[in-house]
Amino acid sequence: DQQVKQNSPSLSVQEGRISILNCDYTNSMFDYFLWYKKYPAEGPTFLISISSIKDKNEDGRFTVFLNKSAKHLSLHIVPSQPGDSAVYFCAASAWNDYKLSFGAGTTVTVRA
Amino acid sequence: ETGVTQSPTHLIKTRGQQVTLRCSSQSGHNTVSWYQQALGQGPQFIFQYYREEENGRGNFPPRFSGLQFPNYSSELNVNALELDDSALYLCASSLDRASSYEQYFGPGTRLTVT
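Here the protein sequences come in this chain order: C and V.
Residue 112 is where the first sequence ends in my numbering, and the numbering goes up by one at each step.
Residue 1114 is where the second sequence ends in my numbering, and the numbering goes up by one at each step.
In isolation and in its complexed conformation, chain V is listed as follows:
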């Protein structure tokens, strides 16, 4: 059974640029959630995708967007990067929407915005 994988591991971008982060969910899981973890804080929910549709969104601006593909892998896109977007971005998958509280996390992508 393959766990949740994320790419890239690290990324450095300049303010104003755009970035795409990728996530492959655990085998058999159709629900993916994205979280932002700033330094010294806990993960903050960005949004969740279930069967290619957005299934809920946290308090993040529209420049944070996402996609889920038919194979349930997912992308997080951030436009017009700001310095405060520097954080660890975590992807988590769950078996389905009903069991969203049982989430399995990937290792994260460390994004640095300069």
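Extracted from the complex, chain C is given alone in its bound form:
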């Protein structure tokens, strides 16, 4: 039962343009959401997170938006850089839960 879904397996964007990654979830108990970035042969590294009490969180070039009513979140990367080419995972957690539920990932390729 996939509670976190990333429906776009891949995204190609030109350097300098905006990358928008989308994520949907089904569990209404989720109240904390994270994005992880993964390079080949490395573990996922934390990128940015958002609590359900917010609808936006920004950190440099990365902004995450949360729409609780639609059970949807998105990650915006602007401007996109070649080093952003990686697999991005959306993850979610419920309050006082012990695990993260991940989406299947979106592979981002930034073209020069």
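Simulated from the structure, these hints should not be mistaken for laboratory data.
All the pointers check out, no bait thrown in.
A few chain V positions that, by computed beta-carbon distances, are all more than 12 Å from chain C:
| # | residue |
| --- | --- |
| 1 | Leu-1011 |
| 2 | Lys-1013 |
| 3 | Val-1019 |
| 4 | Thr-1020 |
| 5 | Asn-1077 |
Across the chosen pairs, the derived CB separations fall in these ranges:
| # | chain 1 | residue 1 | chain 2 | residue 2 | range |
| --- | --- | --- | --- | --- | --- |
| 6 | V | Gly-1016 | C | Ser-74 | 40 to 48 Å |
| 7 | C | Asn-57 | V | Leu-1095 | 17 to 25 Å |
| 8 | V | Leu-1011 | C | Ser-52 | 36 to 44 Å |
| 9 | C | Met-29 | V | Leu-1083 | 31 to 39 Å |
| 10 | V | Arg-1022 | C | Thr-45 | 19 to 27 Å |
| 11 | C | Gly-16 | V | Ser-1073 | 39 to 47 Å |
| 12 | C | Ser-28 | V | Phe-1069 | 36 to 44 Å |
Partner residues are not named here, just some residues of chain V that face chain C (Cβ under 7 Å, in silico):
| # | residue |
| --- | --- |
| 13 | Gly-1042 |
| 14 | Pro-1043 |
| 15 | Phe-1045 |
| 16 | Gly-1056 |
| 17 | Leu-1090 |
| 18 | Tyr-1101 |
| 19 | Phe-1105 |
| 20 | Gly-1106 |
| 21 | Pro-1107 |
| 22 | Gly-1108 |
Keep in mind that this is a model prediction, so the values were computed, not measured.
Just so you know, even glycine gets a beta-carbon here, dropped at the ideal spot from N, CA and C.
Since chain C is already given, all that's left is putting chain V on it; use the hints.
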């Protein structure tokens, strides 16, 4: 500060065999979680250990078992290996159980079952 380390990096086993994967948590972290990432999928939660006790388990059969040691390092054991167990196994540590959502991942162990 030392990050999360895992060993071995790669492993090839035969169906029916047993395997042990190892993880050293980040310095100061007392909670370790294990995930299985099959090809083309996101990591799936196997279980979590907090202060040497299992603190939650995902939808994995009992032949997946684990241990956490007093120094908070951890092992994942898989018995009676099946072909579908071929995956990347990720270990993640967090400062404590209360902050389990802030998890720091190791590079993983790639297990191939033939």
